[in-house]
Structures are given as structure tokens and as C-alpha cells.
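Chemist: Sequence:
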Amino acid sequence: MADNLHVIYRISDKGHPKPKLPNAGKGDCLINAVNEFGAENFHVIADNCTEATLDVLKSTGLSLEVTANGNCGTCRHIFNEVINRYAPDDFVYLLEDDYLHLPGSRAALLEGLAIADYVTLYDHPDMYHPDGNSMNSFVHDDMPKSSIYLTAHTHWRSTVSTTMTFAAQVKTLIEDRDVFIKNCQGNIPADFGIFATLTGQDDLNEARRCFKIHREGIALIIVENFLNERKKRLLISPLPSLATHAEPDYLAPLIDWTAI
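Residue numbering for the sequence shown follows my numbering, beginning at 5 and increasing consecutively.
Be a bit skeptical, because a hint or two may be false.
[Stated by the list, open to error] 25 angstroms max Cα-Cα, derived DMTMM-like pairs, lysine to aspartate or glutamate: (1) Lys24 <-> Glu251; (2) Lys149 <-> Asp130; (3) Lys175 <-> Glu251.
[Unchecked claim] Each pair of labels, with its calculated beta carbon distance range: (4) Ala118 <-> Lys18: 32 to 40 angstroms; (5) Ser63 <-> Glu233: 45 to 53 angstroms; (6) Val60 <-> Gly19: 15 to 23 angstroms.
Derived by calculation from the structure, the hints in this document are not laboratory data. Predicted, not measured: the structure shown is a model, and the values here were computed from it. Ideal Cβ placement from N, Cα and C applies to all residues, glycine included.
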């Protein structure tokens, strides 16, 4: 499996500036990713990047593609490129430009892909707000239960959503392409909607709850899942986290990410 894992690294200079860890600039995150996953089979898609950024990327010798598609447009481009470029049995890690990884992330990712349809290395802090203050609609006192898995180097738990940084087998993305394309319209990908659909959240009690808290879009996804026969996908994340989103408000718990 190791030889057919491809990293698709999406970097952009456009968008809304957000605070990041001091050790998580765009260059820092790229170096961290290359150090962990290797330069071979590492493809960079530079969307709406400045000439200065492009010069730096070209100097790395990494496989590079320059685009100007915007956030959702680049996501759609990546899904189509992955499907057309790689064999169905290959694996891809779709990686955004503001993540840090711990040593051992590559090995753990491959282990996760052996047992699940989708794998994230990010233990999202939104999973730890049962008081109802989470941005995740499914996190509350009576939230859906997770299953726990064990591989050679880490524990995993099933989860209901993640960001647009995740890994999967190409044939899985082929089968699920319609969900990604549908939710990658407009300016920002609807990552929560994507994975709420793919993981098959179909508890009508959850739909009622979402309606009550004015999250009608998620409620409608649940109802649609209840009515259709789409295969439910397994999404897993590691415990503890092996990667983090670099925004200080969204760091994976229990790890000093400034020491990476």
C-alpha cells in the first residue's frame, strides 16, 4: 500500500487570513508534510498563488500544478484529477496547506486505510463539547456513539465529520464523487455536509433536534439519508491526534503543537 499512496497538497494565497500557530506558516506546513510523507508521489496544486510563493514551490522540485479555480473549484478539479490520474486501487491523501503532522503519521494513515473508507489524522476539538456549544450538530449529551479500533500504532474511533483534509482509496472517491461535487459549489466546500452524507447519519431524532436548533440543512441531509440506500462509509480519526489544523482555536487536544 505504501507505494500507491499519493499526497495531493492544496496551497493558496487567496482567502480570508486567519491566525495560525507561529510554527505553522505555509512554508512550515509544507516542509512538515514532505518530511513526514516524502517527496515521491507528492503533488502540489497551487491555486491563486503569488509569484513569490510559486518561486518557492518551484525551488522545492516537487511535482507542481498551477491553477486559478478558487476554493470549491480547486476541490472539484482535484476530485476529477484523482479519478482520471490514479488507479482505482491507489490511495490519496488530500491535504490543505495549514496542517501539522506528528512523526509516524504516514504509517498510521496506511493502517487506518486498511480498516476504513475514509481516514483523517485530525482529532477535531469540536467532538468535545457535549454541552451543546459545538459547531458539530451531532455533538451533544445524547450524541451518536463511536466505535473504537486498534491498529499496530494507534487507536481510532469512528466519527461523523472532518475537514477537507482526509485520505481514501480512489475507487471510493469514484463511487462518492457525486456527494463531493454537490457539496463543492459556491465559495467554501460544505465539508460537514459531505461527511454527514457519506457516514449515513439517518437518525430522525437527530433530524428533529437539528430543526429545533435551526440547523435545517443538516436535518435535511439526515432525512435524505433515511430515505435513500447509499452505502454508509466508515470515517475514523486517531486517539490522540496525529495532525492538527493550525488555527489556535481549532488545535487537536492534549498535544503541544508549538513544539512540532
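Chemist: Now, for every hint given, state plainly whether the structure supports it.
Modeler: Hints versus structure:
1. Between Lys24 and Glu251, the direct Cα distance comes to roughly 5 angstroms. Compliance with the 25 angstroms bound is thereby established for this hinted pair.
2. At roughly 15 angstroms between alpha-carbon atoms, Lys149 and Asp130 fall within 25 angstroms of each other, so this suggested pair holds.
3. Using a Cα cut-off of 25 angstroms, the hinted pair Lys175 and Glu251 is violated, with the two alpha carbons roughly 32 angstroms apart.
4. Taking 32 to 40 angstroms as the suggested C-beta distance range, the pair Ala118 and Lys18 conforms, at roughly 36 angstroms.
5. A beta carbon spacing of about 50 angstroms between Ser63 and Glu233 agrees with the range 45 to 53 angstroms that was offered as a hint.
6. Our hint of 15 to 23 angstroms for Val60 and Gly19 holds, since their Cβ atoms are close to 18 angstroms apart.
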